[in-house]
Amino acid sequence: MARVSLEGFSELDKMFAKLGNVPWEVTSEALDKMAGVGEDAVRRTGRAMGVHDPESSVHILDKVTHTKPKKTEGGGFCEVTFSGSRRRGNTTTRNSEIAFINEYGKEGQQARPFIRQAAEQYGDQIADPGEEVVGDWMVKTFNEG
Amino acid sequence: MSCDSALQAALKPLGLPVFPNKYSGPELEYLVTNHTTLGAAHGGDLAQAARYLVQVHYYLPDKKNPNEMLAQICRALAAADFSCPDIVPGHSDHGQHWAIECEYCDGGVDYGAC
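Order-wise, the sequence lines are chains A and B. Going by my numbering, 125 is the number at position 125 of the first sequence; the sequence numbering is gapless. Going by my numbering, 9 is the number at position 9 of the second sequence; the sequence numbering is gapless.
By construction, these hints were calculated from the structure, which means they are not laboratory data. Just to be clear, a hint being listed does not mean it is correct.
[Stated by the list, open to error] Each computed EDC-like pair below joins lysine to aspartate or glutamate, with the alpha-carbon atoms no more than 20 Å apart:
#1 Lys22/B <-> Glu107/A
#2 Lys64/B <-> Glu107/A
#3 Lys22/B <-> Asp53/A
Chain B extracted, bound-state conformation:
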């Protein structure tokens, strides 16, 4: 399963809208996902696997308590074979912004020689 599909499958059941890369619509509470892909397990001049550095961004209004949803997001990611997440606090112009960072790995990538 690709990293994007795995993220969607893990996070959609939490009931929040999930958007890849960025969002600028009217929702007040939502998730945005992005990932960097690194080649891994190199052999024969090829990356035999891909390692994804994943960020899940949880945006919500200032007055809402984020803890329960943060725990649910972490549990959902861990259950879907993502690594144990780190949580980084932040703030946006419209409220809270929490970044949840973890990794994902899958094989069978074909970058060509790299």
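Isolated chain A, as found in the complex:
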């Protein structure tokens, strides 16, 4: 009589259990690196789409930055955002507001959806460093048993 068997499920089961407990230091490093690539993607796409502030010599894309990773119940997140503000005549305008108007346009100004396009077009590249960090941790953890 033929006998078919599968082995190794207990190790796989243990691995999945460990995956549910990725340490915050690992998650945080992965998020930070992913946000760094996201920043570059926003800059690159913005330049390609002609994003700028005609009333200032400081380029809006030089103000792209990302926040520190924040922990949530199921994981964490980083925000790619625009820091600071600038004087335009007698008013102070936040750089994020200028980015918003570039992204969505206004009356008489065509929208340049550079943030959305960056997220769509560079999604895989943004995910890569995260996969690498978590992958390295998995290999190390698995080898330690």
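Based on the hints, put chain B in the right spot on chain A.
Positioned in the frame of chain A, the structure of chain B alone reads:
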């Protein structure tokens, strides 16, 4: 049907003027559409389909309630094979500015090798 034609066909019956890309005329309530085109379904060094990241901008005066028209726009887009829209609130110098974002896809594009 091209993305622009599909947008016009879906939104014109709502009764608001629809303008591609930008508008700077006297209307107080109107729609402006724009889209980014991404190559998709690559094979044989060619994009076999195009994926469009679509924005529909709904401008209206401050005091008007936008909810009914926003719902109509979303229903019209969904019925015309656009993906389920997201709605982003904003403001312009002359009133409310709502951005409705969704996607559209069609095949048969010919970008050449890319």
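The hints, checked one at a time:
A C-alpha spacing of about 7 Å is found between Lys22/B and Glu107/A, which places the hinted pair at or below 20 Å, so the restraint holds. For the given pair, Lys64/B sits about 18 Å from Glu107/A by alpha-carbon distance, which is consistent with the 20 Å threshold. A distance of roughly 18 Å separates the Cα atoms of Lys22/B and Asp53/A; the hinted pair therefore holds under the 20 Å criterion.
Of the numbered hints listed earlier, not one is contradicted by the structure.
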